[in-house]
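Residues per chain, in single letters:
2 protein chains.
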Amino acid sequence: MKKVKIVKIGGNIVDKPEALERFLKNFHKMEGPKILIHGGGAIASKLSKDLGIEVKMHNGRRITDFETLKLVTMVYAGLINKQIVAALQQNGCMAVGLSGADGNSVPATRRAANPIDWGFVGDVEPEKINVGFLKTLLEAGCTPVFCAITHDSNGSLLNTNADTMASSLARALSAKYSTSLVYCFEKDGVLADPDDDSSVIPYIDRESYKSLLADGRIVGGMIPKLDNAFAALEYGVEEVFIKHADNLLVQKETLLKL
Amino acid sequence: MKKVKIVKIGGNIVDKPEALERFLKNFHKMEGPKILIHGGGAIASKLSKDLGIEVKMHNGRRITDFETLKLVTMVYAGLINKQIVAALQQNGCMAVGLSGADGNSVPATRRAANPIDWGFVGDVEPEKINVGFLKTLLEAGCTPVFCAITHDSNGSLLNTNADTMASSLARALSAKYSTSLVYCFEKDGVLADPDDDSSVIPYIDRESYKSLLADGRIVGGMIPKLDNAFAALEYGVEEVFIKHADNLLVQKETLLKL
Numbered sequence: 000m001k002k003v004k005i006v007k008i009g010g011n012i013v014d015k016p017e018a019l020e021r022f023l024k025n026f027h028k029m030e031g032p033k034i035l036i037h038g039g040g041a042i043a044s045k046l047s048k049d050l051g052i053e054v055k056m057h058n059g060r061r062i063t064d065f066e067t068l069k070l071v072t073m074v075y076a077g078l079i080n081k082q083i084v085a086a087l088q089q090n091g092c093m094a095v096g097l098s099g100a101d102g103n104s105v106p107a108t109r110r111a112a113n114p115i116d117w118g119f120v121g122d123v124e125p126e127k128i129n130v131g132f133l134k135t136l137l138e139a140g141c142t143p144v145f146c147a148i149t150h151d152s153n154g155s156l157l158n159t160n161a162d163t164m165a166s167s168l169a170r171a172l173s174a175k176y177s178t179s180l181v182y183c184f185e186k187d188g189v190l191a192d193p194d195d196d197s198s199v200i201p202y203i204d205r206e207s208y209k210s211l212l213a214d215g216r217i218v219g220g221m222i223p224k225l226d227n228a229f230a231a232l233e234y235g236v237e238e239v240f241i242k243h244a245d246n247l248l249v250q251k252e253t254l255l256k257l
Numbered sequence: 000m001k002k003v004k005i006v007k008i009g010g011n012i013v014d015k016p017e018a019l020e021r022f023l024k025n026f027h028k029m030e031g032p033k034i035l036i037h038g039g040g041a042i043a044s045k046l047s048k049d050l051g052i053e054v055k056m057h058n059g060r061r062i063t064d065f066e067t068l069k070l071v072t073m074v075y076a077g078l079i080n081k082q083i084v085a086a087l088q089q090n091g092c093m094a095v096g097l098s099g100a101d102g103n104s105v106p107a108t109r110r111a112a113n114p115i116d117w118g119f120v121g122d123v124e125p126e127k128i129n130v131g132f133l134k135t136l137l138e139a140g141c142t143p144v145f146c147a148i149t150h151d152s153n154g155s156l157l158n159t160n161a162d163t164m165a166s167s168l169a170r171a172l173s174a175k176y177s178t179s180l181v182y183c184f185e186k187d188g189v190l191a192d193p194d195d196d197s198s199v200i201p202y203i204d205r206e207s208y209k210s211l212l213a214d215g216r217i218v219g220g221m222i223p224k225l226d227n228a229f230a231a232l233e234y235g236v237e238e239v240f241i242k243h244a245d246n247l248l249v250q251k252e253t254l255l256k257l
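Top to bottom, those sequences are chains A and B.
Counted the way numbering that gives the first Met the number 0 counts, the first sequence spans residues 0 to 257.
Counted the way numbering that gives the first Met the number 0 counts, the second sequence spans residues 0 to 257.
Keep in mind that a hint or two might mislead.
Each pair may be met inside one copy or between any two copies, as identical chains are not told apart.
As a list, the in silico SDA-like pairs of lysine to any residue whose alpha-carbon atoms are at most 20 Å apart [what the hints assert, rightly or not]:
(1) 15 x 66
(2) 127 x 93
(3) 48 x 66
(4) 127 x 139
(5) 28 x 152
(6) 224 x 235
(7) 175 x 139
(8) 45 x 65
(9) 28 x 154
(10) 134 x 93
(11) 45 x 66
(12) 2 x 33
(13) 48 x 67
(14) 175 x 190
(15) 127 x 140
(16) 15 x 131
(17) 33 x 135
(18) 2 x 238
(19) 2 x 154
(20) 45 x 67
(21) 15 x 65
(22) 256 x 109
(23) 45 x 68
(24) 15 x 155
Keep in mind the hints are simulated off the structure, nothing from the lab.
Isolated chain A (complex conformation) (with noise of 0.2 Å):
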C-alpha cells in the first residue's frame, strides 16, 4: 500500500511569515505523495475589524454568519491558500490550492441550528469524501493544500473545523493508503506538564490516553486534537504525530497509535 502524509498547520503558524518560510521549505524537502491543511490565523479576525464586521461569539466560539462566510472564504480560500501555494511553487513543490467545494473533494453538513444556529458552519462526512480526485492529483505528482472551506453540494460554501478536515482526509485516504496524520503547532508534542516544555510524552497509545484524561493530565485544547486523533486512529489512519513546525522532518514529537 502506497503511503500517503496528511499535514496540518495552524493559525499561529500562518501569522508568522518567518515560521511559515522555514515550515513550507521542511514540507517541500518530506518525501513522498503528501498532502497540507492550513488553519485561518489572525488575518480573518483583522479583516473583520477592518470592515466593521460584528464578531459573533458563543460559549468563545465564532458563529459564521453570511458577512463571516464571505470574509474567510476570501481569507483562507483566497489570500493564504494562494500564497502558500505561491511560495511552495517557488521551492518547486508542484502544489495545487483547494477548497473542500473543489473537485468535490470534501462535501460537509451545515451543522444543526438547534440549540445554537452557528451560521455557516459545515461538518465533514469522511465517507463522502472524493478520494477519486485526490488520488488523481496525488498520482499526477501534485501536493493537494487545502483551506478548511467546505461545502454543502446545494450551493453554500461552509465554515469548517482545520483539525477535523485534517483528521477526516486522512480517514478517507486511509482506505486507498497507508496514512500517516501530522499536527504542527508551537509545542514539541503534548506535554505531561503544560508548564515545561521539555516533558513532551513520547508515545500514547489508546490505554495510555486514558490514564492521562483520568489524571487530568491532558487539559483545554489538546483534549479535542486528540481525540480527534484517535477518532482517525480508530477508523484506519496508521499513525498520529504531535510536534512543533519547526520539526517536521525531526523526529522529536509525539507519536499516537492505538
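Please build the complex by placing chain B on the supplied structure of chain A, with the hints as guidance.
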C-alpha cells in the same frame, strides 16, 4: 484531436447574481471538456473603498500595489472563484477552482516597471502554461475554473488580464486539443453599429477585421478583445466566438476565424 472549449465571462456577469446563475446552468449543460475563466467585477472596488485602500490609476488603468494585490487575491481567487465552484458543483459539474499558481498552471512575468510601474501585474507566457496538469484534470472529467491571478514562480502572485489569460490558455491547449475560445459579454456579438444591438456581424476573418478597423467601425474596448482573439487564432486556436452570456447554447454570435 479531442475538442476543448475555453469560456470567459467578465466582471459584469459576475456582478449580477441572476445573470451568473443563468450562465452557470448553461455552462454546465455545454458538452465536452471545458474551462471557465472569470473576471473580477465590482466587488474588489467596493471592498477597496470599505478598507480605505487608495485606488491608484494611470491613464484609466489600475496600478496593483501590494495591498491591492492581496485584495484582488482574496476577492478573485477566494470569494468569486469558490462561489462559482460551489454553484457549478450544485449543478453536478465537477468544477475545480484554480489560480495560475495552482499546479503552476499559468506562470507569468511581472511587467517591467519602466516607464510606468504597474505593480504586481503579470503578463502570461503561453508557452510556459502547464498543459499536462490541465490535461490531467480534463481527462479526469474535471472542469477547471480560473480566476485571473497568476504567479511569477518566485513566490509572488500577480494580477492578470482575464481576456489575455483566456486567449493564452486557448493558445497553449491548441497543441493537444482542437480549441474553441468563447468570450461572453453583455452584447450579442461584435456590432457594426455600437448604438444598434441588432447589428451583430456574424463572421469576421483576418481580412474583414482589417477593413472594419480601417473604417473605424471597431472601437474602444472591442479592439484589444479582437486583437487577443486573432492572436489566439494565429497560434492555432480553431475558432473564437464573441456572444452574450445568456446565449452560450444558442448560435447567435460573432464567429472569428482566420
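Inset, instruction - Using 20 Å as the alpha carbon limit, work out where residue 175 and residue 190 are close: within a copy, between copies, both or neither. - result: neither (33 Å within a copy, 55 Å between copies)
Inset, instruction - With 20 Å as the alpha-carbon cut-off, assign the pair residue 175 and residue 139 to within, between, both or neither. - result: Cα proximity of residue 175 and residue 139: in one copy and across copies (16 Å, 18 Å).
Legend entry - Within, between, both or neither, where residue 45 and residue 68 count as close if Cα-Cα is 20 Å or less: both (15 Å within a copy, 17 Å between copies)
Inset, instruction - If the cutoff is 20 Å on CA atoms, where do residue 15 and residue 65 land: within, between, both or neither? Let me know, please. - result: between (28 Å within a copy, 18 Å between copies)
Legend entry - Intra/inter-copy verdict for residue 48 and residue 67 if alpha-carbon distance must be at most 20 Å: Close inside one copy (11 Å) and across copies (18 Å); limit 20 Å.
Inset, instruction - Tell me, please, which holds for residue 48 and residue 66 at an alpha-carbon limit of 20 Å: within, between, both or neither? - result: both (12 Å within a copy, 17 Å between copies)
Inset, instruction - Since the copies are identical, ignore which copy is meant and state whether residue 45 and residue 65 lie within 20 Å (CA to CA) inside a copy, between copies, both or neither. - result: both (17 Å within a copy, 17 Å between copies)
Legend entry - Identical-chain pair category, residue 2 with residue 154, by Cα at 20 Å: neither (34 Å within a copy, 29 Å between copies)
Inset, instruction - Measure nothing new, just compare the shortest in-copy and cross-copy C-alpha distances for residue 134 and residue 93 to 20 Å and report within, between, both or neither. - result: Cα proximity of residue 134 and residue 93: in one copy and across copies (15 Å, 15 Å).
Legend entry - Alpha-carbon proximity context of residue 15 and residue 155, limit 20 Å: between (31 Å within a copy, 17 Å between copies)
Inset, instruction - First find the shortest C-alpha distance between residue 127 and residue 140 inside one copy, then the shortest across copies, and answer within, between, both or neither for a cut-off of 20 Å. - result: Between copies, since 18 Å is at most 20 Å while 23 Å is not.
Inset, instruction - Check residue 45 against residue 66 for me: Cα-Cα at most 20 Å, and say if that holds within a copy, between copies, both or neither. - result: Both: 14 Å inside a copy, 14 Å across copies.
Going through the hint list in order, the structure does not satisfy hints 14, 16, 19, 22.
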